[in-house]
Amino acid sequence: MAITLKVNGKTQEVDAEPGTPLLWVIRDELKMTGTKFGCGVASCGACTVHLNGEPVRSCQTFIDDMEGAEITTIEAMSDDKVGAALQQAWVELDVVQCGYCQSGQIMSAVGLLRQNANPSVSEIDDYMWGNACRCATYQRIRAGIQRAAKILEA
Amino acid sequence: MTVNTSRRGFLQGAAAAGAMLVVGIRPDGALAASANPSMLTPFVQIGTDGSVTAIIKHFEMGQGPATGLSTLIAEEMGLSMDQIGYDFAPSNPQVYNNTLFGPMQGTGGSTAMANSYLQYRQAGAAAREMLLHAAAQAWGVEASTLSLQDGMIFGSGKSAPLGEFVEAAAVLDAPAEPRLKDPSEFRLIGNPDVRRLDSAAKGNGTAMFAMDIQRPNQMIAMIARPEQQRATAVSVDASGAEAIKGFISADILPNKAGVAVFAENTWAAMQARDAISVEWDTRNAETRSSDQIEAEIRAALEADPTYNVNEADVVAVQTAIDGAETVVEETFYFPLLAHAPMEPLNCTIEETEDGGILMHDGCQIPTLPHGAIAEIFDLPFDKVQIKTVLAGGSFGRRATPQADYQVEAALAFSLTDRSRPVHLVWSREDDLRSGYYRPAFGHKVRVGLDGSGNIVGWEHRIAGQSIMKGTPFEAFAVKNGIDHSSVEGTVDSPYQIPMAAFGLTDTEKATSTLWWRAVGHTHTAYVMEVMMDMAAKAAGIDPVDFRLAYLSGDGLEQQRKAGVLKLVAEKANWGNAPAGRSQGIAVHKSFNSYVAEVVEISGTAADGIKIEKVTCAVDCGVAVNPDVIKAQMEGGIGYGIGHNMRDKITLTEGVVDQFNFPDYEPLRITDIGEIEVHIVRSAEPPTGVGEPGTPPAAPALANAIAAASNLRIAALPMDDNGVSFV
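Keeping their order, the protein sequence lines are chains U and E.
Under numbering that gives the first Met the number 0, the first residue of the first sequence is numbered 0, with each subsequent residue one higher.
Under numbering that gives the first Met the number 0, the first residue of the second sequence is numbered 0, with each subsequent residue one higher.
Hints were generated in silico from the structure; no laboratory data involved.
None of these values were measured; they are calculated from a predicted model.
Check the hints yourself; a few may be wrong.
As the list claims (entries may be wrong) - Here are the simulated distance ranges between beta carbons:
| # | chain 1 | residue 1 | chain 2 | residue 2 | range |
| --- | --- | --- | --- | --- | --- |
| 1 | E | T603 | U | W128 | 53 to 61 Å |
| 2 | U | E122 | E | K382 | 52 to 60 Å |
| 3 | E | D606 | U | V120 | 54 to 62 Å |
| 4 | E | D656 | U | V120 | 53 to 61 Å |
| 5 | E | K382 | U | M0 | 39 to 47 Å |
| 6 | U | I150 | E | T603 | 49 to 57 Å |
| 7 | U | V120 | E | E328 | 40 to 48 Å |
Unchecked claim - Straight line, CA to CA, 30 Å or less: simulated DSBU-like cross-link-like pairs of lysine-lysine:
| # | chain 1 | residue 1 | chain 2 | residue 2 |
| --- | --- | --- | --- | --- |
| 8 | E | K536 | E | K468 |
| 9 | E | K508 | E | K565 |
| 10 | E | K612 | E | K570 |
| 11 | U | K149 | E | K612 |
| 12 | U | K149 | U | K80 |
| 13 | E | K468 | E | K508 |
| 14 | E | K255 | E | K157 |
| 15 | U | K149 | E | K255 |
| 16 | E | K180 | E | K157 |
| 17 | U | K9 | U | K80 |
| 18 | U | K5 | E | K244 |
| 19 | E | K609 | E | K565 |
| 20 | E | K255 | E | K565 |
| 21 | U | K30 | U | K9 |
| 22 | E | K609 | U | K149 |
| 23 | E | K244 | U | K9 |
| 24 | E | K565 | E | K536 |
| 25 | U | K30 | E | K570 |
What the hints assert, rightly or not - Computed list of chain E residues with no C-beta within reach of chain U, every gap over 10 Å:
| # | residue |
| --- | --- |
| 26 | N190 |
| 27 | R229 |
| 28 | E673 |
Each residue gets a CB set at the ideal place from its N, CA and C atoms; glycine is no exception.
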């Protein structure tokens, strides 16, 4: 089926079978590889993107009803005020290790900071619970979000 | 700073751009330099434009060698970290070998820095001296009057960018023994402000992991595998997949271990794999359950061990314990564990124009798949290339003696006409159910104490599934029948325990066994440190003081282990936990590094335990990148705690019970509080940091739980013991 999506502000027509997860449309059809495959069952958060501004797990978001939907991926975050602040904080604090989950971590963290400009540790933990990091960079993720909040406040 | 993961492209591009200086080693091992990178194995390449690229012989799974080895070059060349880029070395075991592995290129055993520290510094120092000599010749001055700093050569009233002297330096001979900087001159080594070179790319989605390789016209391959190990494919009926758009074909692998399903894209491959039906021959398949594996190990612990590991007088040890005032005894059990790196296993294979094979892989031990591919395609070694790209974690899983997933990709590719690259992709289910696990182990320990609380005997039996036997590593890892990885951390512990006997019995493997972050130390540290705690409690002596009594010798090992123990006790305010909190401590030497940890918890086993804080002290010799070391301790602690809290792989009649993260729950951000890491200042040679943070974490948590709840956890995971975590 042909479907029109707005991806990072650009209108894209894609051809995908009904039932195809958005993740594979982004990676295999649009060739944008910043969004990662980790589990396929919405248990790890590596595939997090924004659908109409809200973080979703793209591996369990299906293409069928998405005509006209606005999709935002990690590739657009350098031009996003909150995303850029998080990326800056991530570099300042060297949050990453292997880095494979970090696109998803940042996409979730953008969602958090948009609804809560100054989250506490427990608010961060509650919101970020679903984003697994097998390298266990969690305390730097916490610190990175709080640092980004400060950058945005300035 | 540039990250060029296309080495061939880089080399061609650099050559096309003009002259360059490469410094590395010749095949005979001597330091050498050239204008032509094909003449030797470069560790550093310098372009006439002044660009400096470190060639990293270790793969990057997050543990930091790309930054670490670049730091060594930059330090000796007087560069700042934003003046150096990196590139991963091609597969060439003769010259990019791990000097601690022998003629094998690979990453493991936390050796990346230990075996590269002098090599890369020498290459950087040689480059510095050659550039200074070239400048001295050009300016007609003595080289000793010049210095190289931040990419500029200064002296004799002149200054110029180093790039101006690259062509002249490239025709000079490399100094045999360049002067290495004195530690007092270090600006980067030991500097906590040095940042990772891969942070930005990993935060903005541009970092290229193996999964992100999309070769023109590539196919995706997934493998349908049997439910039980050692079952073989007899026939495949792909009619169910015919209607799936993008499905190409399904064929039995030449070794019958599975069925390769080819498709135009990943989603089609996943659906097609589900839609085909395969007939399996299960006559030789594994049929045992984990209960049987555990029963076999527990039975072995009750019998005399096969191997007397330290050639002890076992009867004398038993007699000493039997005559002791107090005997402390415990039997431990450790289940199978999966590695579950964040990036599912995958690699891409293609034919080159000259009929060779090129593999793109987040490759941990390139020499193993390199040889396997050469054999499968009957090619000479030099017709096979492995291009190493970033790996999304590994924890040991990307290094199997059998090169399992790379061989799968090669066998799948051999089924095709080789006109299209094949990207083999595993799902998370493939990863958790693949059969490569931290082996199951059991320990039974009896410790005798005299009336003053001194240890008078320690009888320690270990039973479990050998990792090294039956692999190419057996020759150097197994001595007199004893797989050292089964006993490491016990018999070689720096603790000076009198009257100790260590015995080992191998039990049958039901799955493929594999090193998992910290290998044997994952179970031996737990046993040693929980037993020490139990003995201390029975003796009525503080657990820190009790341990220090066995580290009182003046040997360097004892002093370093005692050093981290005392440091962590001080930093964690040991013995003075805030109200409502309990502390547990553990200390362990692994991979030549010493790590002590205090875990502080609130709550009780019955009401739910929360891990509030972990304090860590590490002595890993010279701390090259202190912040990377801290990060590795943080991550190692999380890895050790997370699995031991609640994870295990179990089998029912040979079939793995777990499928995906919901039933192999990873450590979550909510599970663990602050981690504080202290690094001991040291002038000893640098040692491992990727693994040593892991071993003490679980026993420190177990000892904290015991302090809070009087519950001794001897069978892992912890939540099988009525413990809940909040």
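For each hint, the structure was consulted:
A beta carbon spacing of about 23 Å between E:T603 and U:W128 contradicts the range 53 to 61 Å that was offered as a hint. One distance hint, 52 to 60 Å for the beta-carbon pair U:E122 and E:K382, holds here, with the actual separation near 56 Å. Range check, E:D606 to U:V120: Cβ separation about 22 Å, and the 54 to 62 Å hint is violated. As the Cβ distance of E:D656 to U:V120 is approximately 35 Å, the hint placing it in 53 to 61 Å is violated.
At about 44 Å, the CB distance of E:K382 to U:M0 agrees with the hint of 39 to 47 Å. The given range of 49 to 57 Å is broken by U:I150 and E:T603, whose C-beta atoms sit roughly 41 Å from each other. Between U:V120 and E:E328 the CB atoms are about 42 Å apart, so this pair conforms to the stated range of 40 to 48 Å. About 38 Å separates the Cα atoms of E:K536 and E:K468, which puts this hinted pair outside 30 Å; it is violated.
Distance check on the hinted pair: E:K508 and E:K565 sit about 40 Å apart at the alpha-carbon level, beyond 30 Å; violated. For the given pair, E:K612 sits about 12 Å from E:K570 by alpha-carbon distance, which is consistent with the 30 Å threshold. A threshold of 30 Å between alpha carbons decides the hint, and for U:K149 with E:K612 the separation of about 24 Å falls inside it, so the pair holds. With a C-alpha separation of about 13 Å, the suggested pair U:K149 and U:K80 falls inside the 30 Å cut-off, and the hint holds.
Annotation: proposed proximity of E:K468 to E:K508 holds, straight-line Cα distance about 10 Å (limit 30 Å). With a C-alpha separation of about 70 Å, the suggested pairing of E:K255 with E:K157 is violated against the 30 Å cut-off. At roughly 58 Å between alpha-carbon atoms, U:K149 and E:K255 are farther apart than 30 Å, so this suggested pair is violated. Restraint check for E:K180 and E:K157: satisfied, since their Cα atoms lie roughly 23 Å apart, inside the 30 Å limit.
Pair hint U:K9 plus U:K80 holds up; C-alpha atoms about 18 Å apart against a cutoff of 30 Å. Distance hint between U:K5 and E:K244 is fulfilled; the C-alpha atoms sit about 24 Å from each other, no more than 30 Å. A hinted pair counts as satisfied when its Cα atoms are at most 30 Å apart, and E:K609 with E:K565 qualifies at roughly 25 Å. At roughly 56 Å between alpha-carbon atoms, E:K255 and E:K565 are farther apart than 30 Å, so this suggested pair is violated.
Distance check on the hinted pair: U:K30 and U:K9 sit about 14 Å apart at the alpha-carbon level, within 30 Å; holds. Among the hinted pairs, E:K609 with U:K149 is consistent with the structure: their alpha-carbon atoms are about 28 Å apart, no more than 30 Å. With a CA separation close to 27 Å, the supplied pair E:K244 and U:K9 stays within the 30 Å bound. Straight-line distance between C-alpha atoms of E:K565 and E:K536 comes to about 19 Å, which keeps the hinted pair within the 30 Å bound.
Among the hinted pairs, U:K30 with E:K570 is inconsistent with the structure: their alpha-carbon atoms are about 49 Å apart, more than 30 Å. Every C-beta of chain U lies more than 10 Å from that of E:N190, the closest at about 13 Å, which supports listing it as non-interface. Against chain U, the non-interface label of E:R229 holds: every CB pair exceeds 10 Å, the least being about 27 Å. Not every Cβ of chain U is farther than 10 Å from the Cβ of E:E673; the closest lies at roughly 6 Å, contradicting the non-interface assignment.
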